[in-house]
Amino acid sequence: MKIGDRTVLVCDCAHSIALDGAALGKACGDGSAVTVHTQLCRAQLDRFEAAVTQGAAKGQPLLVACTQEAPLFGEVAAEVAPDAVLTFTNIRERAGWSDEGGQALPKIAALLAEAALPIPPTGALTLTSQGTCLVYGTDERAIDAGRQLAKHLDVTVLLASPKDIVPPPVMDVAVFRGRIRSGRGWIGAFEIVVDDYAPALPSSRGTLGFEPVRQGASARCDLILDLTGGTPLFPDHKRRDGYLRPDPNSPVQVANALLEIADMVGEFEKPRFVDFKADLCAHSRSRKTGCTRCLDVCPTGAVTPNGDHVAIDPHVCAGCGSCAAVCPTGAATYALPPATTVYERLRTLLSTYQKAGGVAPALLIHDPRHGDALVGMMARHGRGLPARLLPFALNEVTQVGFDLFALALAYGCTHVRILTGPENEGETAGLATQIGLAEAAFSGLGYGSGRVAVIDAADPDAVAAELWTLPADPVEPGMFLPMGPKRTVTMLALRHLHKVAPAPVEILPLPPGAPFGRVSVDVEGCTLCLSCVGACPTGALLDNADKPMLSFAQDACVQCGLCKSTCPEKVISLVPEIDFRDQARGAAVVKEEEPFCCVSCGKPFATKSSIEKIVATLAGKHWMFATPEAAERIRMCEDCRVRDQFERGGAPFALGRPPVPRTTDDDLREREETAGEIQPATVRQKLM
Numbered sequence: 001m002k003i004g005d006r007t008v009l010v011c012d013c014a015h016s017i018a019l020d021g022a023a024l025g026k027a028c029g030d031g032s033a034v035t036v037h038t039q040l041c042r043a044q045l046d047r048f049e050a051a052v053t054q055g056a057a058k059g060q061p062l063l064v065a066c067t068q069e070a071p072l073f074g075e076v077a078a079e080v081a082p083d084a085v086l087t088f089t090n091i092r093e094r095a096g097w098s099d100e101g102g103q104a105l106p107k108i109a110a111l112l113a114e115a116a117l118p119i120p121p122t123g124a125l126t127l128t129s130q131g132t133c134l135v136y137g138t139d140e141r142a143i144d145a146g147r148q149l150a151k152h153l154d155v156t157v158l159l160a161s162p163k164d165i166v167p168p169p170v171m172d173v174a175v176f177r178g179r180i181r182s183g184r185g186w187i188g189a190f191e192i193v194v195d196d197y198a199p200a201l202p203s204s205r206g207t208l209g210f211e212p213v214r215q216g217a218s219a220r221c222d223l224i225l226d227l228t229g230g231t232p233l234f235p236d237h238k239r240r241d242g243y244l245r246p247d248p249n250s251p252v253q254v255a256n257a258l259l260e261i262a263d264m265v266g267e268f269e270k271p272r273f274v275d276f277k278a279d280l281c282a283h284s285r286s287r288k289t290g291c292t293r294c295l296d297v298c299p300t301g302a303v304t305p306n307g308d309h310v311a312i313d314p315h316v317c318a319g320c321g322s323c324a325a326v327c328p329t330g331a332a333t334y335a336l337p338p339a340t341t342v343y344e345r346l347r348t349l350l351s352t353y354q355k356a357g358g359v360a361p362a363l364l365i366h367d368p369r370h371g372d373a374l375v376g377m378m379a380r381h382g383r384g385l386p387a388r389l390l391p392f393a394l395n396e397v398t399q400v401g402f403d404l405f406a407l408a409l410a411y412g413c414t415h416v417r418i419l420t421g422p423e424n425e426g427e428t429a430g431l432a433t434q435i436g437l438a439e440a441a442f443s444g445l446g447y448g449s450g451r452v453a454v455i456d457a458a459d460p461d462a463v464a465a466e467l468w469t470l471p472a473d474p475v476e477p478g479m480f481l482p483m484g485p486k487r488t489v490t491m492l493a494l495r496h497l498h499k500v501a502p503a504p505v506e507i508l509p510l511p512p513g514a515p516f517g518r519v520s521v522d523v524e525g526c527t528l529c530l531s532c533v534g535a536c537p538t539g540a541l542l543d544n545a546d547k548p549m550l551s552f553a554q555d556a557c558v559q560c561g562l563c564k565s566t567c568p569e570k571v572i573s574l575v576p577e578i579d580f581r582d583q584a585r586g587a588a589v590v591k592e593e594e595p596f597c598c599v600s601c602g603k604p605f606a607t608k609s610s611i612e613k614i615v616a617t618l619a620g621k622h623w624m625f626a627t628p629e630a631a632e633r634i635r636m637c638e639d640c641r642v643r644d645q646f647e648r649g650g651a652p653f654a655l656g657r658p659p660v661p662r663t664t665d666d667d668l669r670e671r672e673e674t675a676g677e678i679q680p681a682t683v684r685q686k687l688m
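For what it's worth, my numbering labels the leading residue of the sequence shown as 1, then goes sequentially.
Derived by calculation from the structure, the hints in this document are not laboratory data.
A few of these clues could be false.
Okay, derived cross-link-like pairs now, DSS-like style, lysine-lysine, Cα gap no bigger than 25 Å in a straight line [what the hints assert, rightly or not]:
| # | residue 1 | residue 2 |
| --- | --- | --- |
| 1 | Lys288 | Lys570 |
| 2 | Lys591 | Lys564 |
| 3 | Lys2 | Lys26 |
| 4 | Lys564 | Lys26 |
| 5 | Lys621 | Lys564 |
| 6 | Lys608 | Lys570 |
Please model the complete structure; the sequences and the hints are all you need to start from.
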């Protein structure tokens with residue numbers, strides 16, 4: 001069978017999956033019956049060899065519907081067709097092994113169609129570790145760990161507040177005392193500052209002694225093994241590459257950490273998880289802070305302010321995707337894979353499921369680690385997944401946001417469940433805000449509450465119990481193409497949901513902090529200074545080159561608040577909402593005035609409200625405008641104001657005739673003119 005440009009091999013795993021080849025071919029759009037293999041990894045391995053060889057010769061990628069035996073298939077392909085392109089998908093645990101496995105044909109077709117989509121490559125950066133390792137502890141356990149690692153790494157042991165430590169008989173690792181005040185960096189580039197720093201005394205006898213301490217010592221290393229059991233050196237320390245922090249009281253954790261860190265030598269590729277476009281960032285303008293959503297949710301500190309925008313350090317970024325999930329402008333987007341690929345995967349999954357006869361689909365978003373393990377346990381030891389529940393694997397569940405939730409519901413999903421695990425501890429703040437936004441929007445349109453929720457459980461039975469009890473509340477699907485950036489796709493989905501909503505409203509109120517809404521301007525107090533237009537990073541606030549005018553385009557507003565903080569009159573407030581009326585799609589005039597014309601020459605040069613406010617503020621109250629004549633200059637243009645100052649102000653800049661510079665010739669001439677008078681006086685002085 002072929003799906004797109006891929007040849008697909010399907011196996012029913014020794015008849016443990018109910019598969020009808022003819023029905024599957026029809027459901028996948030191929031039309032012809034699908035050959036269903038029974039032991040593709042054993043007795044029928046020659047069929048795989050033939051398929052992979054033929055595919056490599058034609059330059060066609062091969063999709064195998066089995067992940068358990070992927071290593072075997074990879075080894076065989078490397079021998080018979082080294083240039084072959086192989087991908088794998090799991091239809092057994094995710095669909096076939098279920099109490100509803102006999103009804104899972106639409107789901108299997110959907111999983112195959114989704115897996116056949118091409119995934120674009122992701123950029124990466126190279127990290128290098130030379131093996132310089134710091135073991136940070138408090139007692140002999142740190143020294144023992146350092147001695148074990150010394151066989152593979154260049155080790156230094158640092159002891160925080162050491163007490164009664166027996167000196168090692170052989171100093172095969174360098175031992176110091178000290179307390180790490182601060183640390184930063186990543187694998188291959190850690191920098192630490194140490195207080196109470198001192199080397200160990202080689203003359204120590206009964207108890208390890210140290211030289212006099214000093215403060216503020218700095219050092220660099222490639223790896224850090226933290227055995228202190230105290231406060232981690234880094235936020236979200238479990239995701240800091242090169243920093244391992246096992247429980248020092250757990251020999252198993254320590255042993256695993258030693259094995260792991262010993263192999264961290266050489267070059268490593270790390271994906272660039274987030275693409276960032278600084279020109280779209282709404283963080284700041286003119287030293288006034290606007291949007292801080294990514295700064296608020298980043299668990300590792302990879303996002304930092306950087307002038308008018310933020311900066312994302314790819315070395316520190318752990319790839320949780322929270323910044324991309326909450327970014328309202330699309331300045332930060334997840335790249336593993338890109339959002340456009342995720343949208344297309346979702347559309348393909350749901351459209352294929354519905355074309356194959358599936359009804360009332362629900363979506364389970366999970367990661368390939370914790371999520372796959374739980375799904376496998378549910379399939380092997382429990383009821384498996386319901387036939388209408390479609391698993392959707394993403395690199396990180398925290399990368400999803402309101403855009404994907406709205407799109408899933410618009411494509412016909414009844415519910416969306418996000419499966420989180422221990423790895424997501426401390427990283428779900430952004431996800432919570434996005435689910436809260438979805439709850440407000442969907443319930444406000446009459447879809448009820450609970451359409452999107454998190455399942456935070458490590459017990460497969462508890463997860464299965466919640467999934468099997470999801471209600472099948474139908475949602476009318478619309479299979480539009482997800483074209484454009486995130487905000488455009490979100491509005492496409494929301495407009496469809498509004499069209500088929502049980503209780504549609506023209507204006508949908510949203511909670512504070514939502515990235516949709518309008519600005520409310522007190523037009524009486526607005527002077528049309530247009531400071532807000534200059535501060536707006538998205539073009540939601542607009543001016544007019546021909547006349548004093550302020551317009552507002554609600555579809556572009558992300559509620560960053562820069563206009564509110566910039567407005568000198570303080571007449572702007574934010575109103576989070578979604579306006580589904582057609583008038584909200586374009587720019588609407590907020591305030592306009594006729595220009596104020598110069599009272600002297602008649603040239604338009606300002607707005608009437610601005611001039612009136614300046615006159616009321618300065619006329620008769622400021623020394624420069626104390627007289628009526630001086631106050632009248634406020635109503636003049638820049639040229640007439642200067643002319644009037646000279647004509648009626650008595651040449652205010654006149655300082656008298658400038659002095660004539662004296663030269664040497666002037667001095668010599670005066671000396672000659674007075675020479676006859678000076679001579680007699682000089683003679684008289686000499687005679688006296």
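Taking each numbered hint in turn, which are not upheld by the structure, reported in ascending numerical order?
4, 5
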